[in-house]
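Quick note on this note's numbering: the sequence shown kicks off at 47 and runs consecutively.
Each hint should be verified, as a subset may be incorrect.
[What the hints assert, rightly or not] Straight-line Cα separation of at most 30 Å, BS3-like style, residue types lysine-lysine; simulated pairs:
#1 Lys531 <-> Lys412
#2 Lys280 <-> Lys295
#3 Lys86 <-> Lys241
#4 Lys280 <-> Lys416
#5 Lys257 <-> Lys433
#6 Lys280 <-> Lys600
#7 Lys241 <-> Lys496
#8 Lys223 <-> Lys212
#9 Lys528 <-> Lys208
#10 Lys240 <-> Lys596
#11 Lys475 <-> Lys280
#12 Lys528 <-> Lys475
#13 Lys221 <-> Lys208
#14 Lys247 <-> Lys531
#15 Lys416 <-> Lys496
#16 Lys511 <-> Lys492
#17 Lys596 <-> Lys221
#18 Lys241 <-> Lys212
#19 Lys212 <-> Lys84
#20 Lys240 <-> Lys280
#21 Lys280 <-> Lys223
#22 Lys208 <-> Lys247
#23 Lys281 <-> Lys581
#24 Lys581 <-> Lys528
#25 Lys295 <-> Lys475
#26 Lys84 <-> Lys257
#27 Lys496 <-> Lys412
#28 Lys596 <-> Lys531
#29 Lys247 <-> Lys257
#30 Lys257 <-> Lys334
#31 Lys531 <-> Lys475
#32 Lys492 <-> Lys212
#33 Lys247 <-> Lys212
#34 Lys531 <-> Lys492
#35 Lys240 <-> Lys581
Hint data in this document are derived by calculation from the structure and do not stem from the laboratory.
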Amino acid sequence: MKKISFKIALIFLVSSLWSCEKYLDQQPIGEQSLEQLKTKDGVESLLTGAYHILNGQFDSGEAYNSAGSNWSFGDVRSGDAYKGSSGTTDQVNIHDMEVFSSLNSTNLDAQRKWACLYEGIRRCNNILQIINDATGFTESLRQQRIAETRFLRGHYYFELKKIFNKPAYIDETAKEKDDFYVANDLLSDEQFWKKIEDDFKAAVDGLPTVKSSVGRPSRYAAWAYLCKAYMFQKKWNLASTAADSVIQKGGYSLLPNYSDVFTPEFENGAEMVFAIQHSINDGASSNKNGSVGDRLNRIATPAGSGYPVAAQGFHRPSQNLVNFFKTTAAGLPAYSDVNVTTTDNLDPRLDFSVARVGIPFLDYTKETYKANWTRGNAVYGDFSPKKKMVSPISTHYDRNNQGITDLNYYLIRYADVLLWKAEALIELKDIDTGIGFINQIRNRAKNSRKVQKLAPATGDAATYKIEPYPVPFVGGYTEAIKALKAERRLELNNEGHRFFDLVRWGDAATVINAYFATEKAKRSYLNTAAFTPNKHEYLPIPQVEIDLSKGNLKQNQGY
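The task is simple: from the sequences and hints, build the whole structure.
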């Protein structure tokens with residue numbers, strides 16, 4: 047089956063990460079200068095290194111503090127998931143992000159995410175500095191590699207923008223030491239977004255319509271990212287047009303079964319627009335090309351099952367999320383926060399997303415999921431992640447580095463594009479057409495296979511009921527946008543997007559504080575949790591970076 051592996055680059059560079067002054071004065075022994083890399087092979091090695099940063103592994107530290115999947119940054123902060131593990135002090139930096147009230151500018155995960163993304167940008171800028179002078183390229187391949195590099199740089203800056211709001215912008219023209227001391231208030235919000243748009247537009251112009259190998263972006267992946275940039279700016283007409291380029295010309299489609307989206311066998315199939323390519327057993331130390339950012343999220347099953355028995359138990363789905371999967375007698379979202387019972391109608395996507403007591407877990411057939419398969423239940427409840435889990439008895443699981451798999455992570459999948467199109471149309475008041483795109487997602491869930499009871503019992507494991515919305519849609523704009531927001535949560539739950547959706551909608555403070563108000567009765571550690579509007583929408587600029595910036599970096603509001 048597998049895919050191109052963008053392995054850890056063995057060639058290091060003299061131009062180092064500008065966000066840490068201590069690196070600027072040093073050239074470690076044995077490194078090659080950019081001048082020495084002005085060949086096709088040299089540039090290809092640099093580009094491999096730029097791709098590698100996608101999974102969050104950028105140094106000898108642990109990628110779970112900078113995971114490319116954004117599980118801690120986008121899920122734990124949103125109400126879709128609890129931090130998990132044995133208690134609040136294990137990875138307290140993630141706990142601080144979850145409860146907000148104790149979040150400050152020394153947070154380790156904020157530091158590592160910032161450094162990781164700038165390392166990706168540094169690698170891209172190094173390529174752009176030398177590629178036009180590099181020997182051995184055909185001109186068409188040179189232009190394609192420039193387009194790939196700008197696509198990656200656009201991604202890294204997009205991540206910085208949505209997480210930190212006010213990063214500093216540095217491009218390939220920065221070469222001297224003083225060029226890297228850049229203020230983070232030089233560009234307006236609009237100007238910063240335009241820089242990101244320009245990278246994706248360049249990628250649209252330079253990338254092939256059919257990706258040259260499975261791990262590289264195509265022109266339509268760049269269109270999808272451009273659509274996403276427009277969505278974050280509420281440029282609805284431009285977003286709708288960009289989405290059309292993907293939907294009408296990209297050749298993508300929804301897989302017939304929702305569960306297939308999250309299996310290795312289908313991960314580079316018709317629904318994948320662009321993904322982080324993970325691999326194991328490829329020679330990398332400790333399988334650092336695998337899903338290292340998600341390694342804390344593993345669970346355990348009974349001894350003798352063939353599964354590992356040491357659970358870490360992070361990224362635990364919340365009770366609030368589970369309750370949101372309840373449906374009405376008509377098969378539509380019930381918008382309930384009353385705890386699910388065995389008689390409730392449920393959206394079938396729930397049991398492909400969340401491990402629940404009494405429901406079969408992946409391919410384990412000896413017994414259903416049990417609460418004691420994980421840890422910290424007294425603090426975080428009995429639910430465990432399931433959607434992005436790989437059966438540890440398969441060849442896709444690394445037994446020597448427990449928790450690491452070769453399952454790819456979708457940065458953008460086709461369902462996401464359909465929902466952007468739906469949202470743009472609803473905002474443009476073309477409600478019935480927008481609902482039609484939502485219904486493509488709901489019909490896939492309706493017609494997908496369902497989780498089944500373990501033999502000798504037969505039938506669905508729960509009462510699954512889901513239906514599309516009636517069209518013409520009678521609820522008007524308010525109900526239509528409510529349906530869109532619900533569908534994004536149901537379809538994309540715990541894929542790293544929820545918090546950033548809440549922020550771009552302007553809903554973060556209202557939704558998250560309402561979540562705390564009810565959820566703290568179930569999870570007492572949330573008693574002190576509070577989201578402060580006009581502050582907690584973004585992480586603080588790491589204090590260490592401010593201290594090293596010679597006064598150029600200004601802290602985000604409220605910190």
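Tested hints:
For the given pair, Lys531 sits about 38 Å from Lys412 by alpha-carbon distance, which is inconsistent with the 30 Å threshold. For the suggested pair Lys280 and Lys295, the alpha carbons sit about 23 Å apart, so the restraint of at most 30 Å is met. With a CA separation close to 27 Å, the supplied pair Lys86 and Lys241 stays within the 30 Å bound. Simply put, Lys280 and Lys416 have alpha-carbon atoms about 44 Å apart, too far for the 30 Å limit, and the pair is violated.
For the hint linking Lys257 to Lys433, the alpha-carbon distance of about 27 Å falls within 30 Å, and the restraint holds. Simply put, Lys280 and Lys600 have alpha-carbon atoms about 26 Å apart, close enough for the 30 Å limit, and the pair holds. Using a Cα cut-off of 30 Å, the hinted pair Lys241 and Lys496 is violated, with the two alpha carbons roughly 44 Å apart. Among the hinted pairs, Lys223 with Lys212 is consistent with the structure: their alpha-carbon atoms are about 21 Å apart, no more than 30 Å.
At roughly 22 Å between alpha-carbon atoms, Lys528 and Lys208 fall within 30 Å of each other, so this suggested pair holds. Taking the CA atoms of Lys240 and Lys596, the gap is near 27 Å; set against the 30 Å cutoff, the hint holds. A hinted pair counts as satisfied when its Cα atoms are at most 30 Å apart, and Lys475 with Lys280 qualifies at roughly 14 Å. Annotation: proposed proximity of Lys528 to Lys475 holds, straight-line Cα distance about 14 Å (limit 30 Å).
For the hint pairing Lys221 with Lys208, the CA-to-CA distance comes to about 26 Å; that is within 30 Å, so the pair holds. Between Lys247 and Lys531, the direct Cα distance comes to roughly 28 Å. Compliance with the 30 Å bound is thereby established for this hinted pair. Of the supplied pair hints, the one linking Lys416 and Lys496 holds, its CA atoms being roughly 20 Å apart against a limit of 30 Å. Distance restraint check for Lys511 and Lys492: the Cα-Cα separation of roughly 8 Å lies within the 30 Å cut-off, and the hinted pair is therefore satisfied.
Restraint check: the Cα-Cα separation between Lys596 and Lys221 comes to about 18 Å, which is no more than 30 Å; the hinted pair holds. Using a Cα cut-off of 30 Å, the hinted pair Lys241 and Lys212 holds, with the two alpha carbons roughly 13 Å apart. For the proposed pair Lys212 and Lys84, the alpha carbon gap of about 33 Å is over 30 Å, so the pair is violated. Restraint check for Lys240 and Lys280: satisfied, since their Cα atoms lie roughly 14 Å apart, inside the 30 Å limit.
The hinted pair formed by Lys280 and Lys223 fails the criterion: a straight-line CA distance of about 37 Å is larger than 30 Å. Distance check on the hinted pair: Lys208 and Lys247 sit about 19 Å apart at the alpha-carbon level, within 30 Å; holds. Straight-line distance between C-alpha atoms of Lys281 and Lys581 comes to about 24 Å, which keeps the hinted pair within the 30 Å bound. For the given pair, Lys581 sits about 25 Å from Lys528 by alpha-carbon distance, which is consistent with the 30 Å threshold.
With a C-alpha separation of about 24 Å, the suggested pairing of Lys295 with Lys475 holds against the 30 Å cut-off. For the hint pairing Lys84 with Lys257, the CA-to-CA distance comes to about 25 Å; that is within 30 Å, so the pair holds. Our distance criterion of 30 Å between C-alpha atoms is met by Lys496 and Lys412, whose separation comes to about 19 Å. Of the pairs offered as hints, the one joining Lys596 and Lys531 is violated, with about 42 Å between alpha carbons and a cut-off of 30 Å exceeded.
Pair hint Lys247 plus Lys257 holds up; C-alpha atoms about 16 Å apart against a cutoff of 30 Å. Between Lys257 and Lys334 the alpha-carbon distance is near 25 Å, which keeps this suggested pair within the 30 Å criterion. At most 30 Å may separate the alpha-carbon atoms for a hinted pair to count; Lys531 and Lys475 meet this at roughly 16 Å. Under the criterion of a C-alpha separation no larger than 30 Å, the hint pairing Lys492 with Lys212 is inconsistent with the structure, at around 42 Å.
The suggested pairing of Lys247 with Lys212 holds, with an alpha-carbon distance near 22 Å, which does not exceed 30 Å. Under the criterion of a C-alpha separation no larger than 30 Å, the hint pairing Lys531 with Lys492 is consistent with the structure, at around 19 Å. Restraint check for Lys240 and Lys581: the C-alpha separation of about 24 Å stays at or below 30 Å, so the hint holds.
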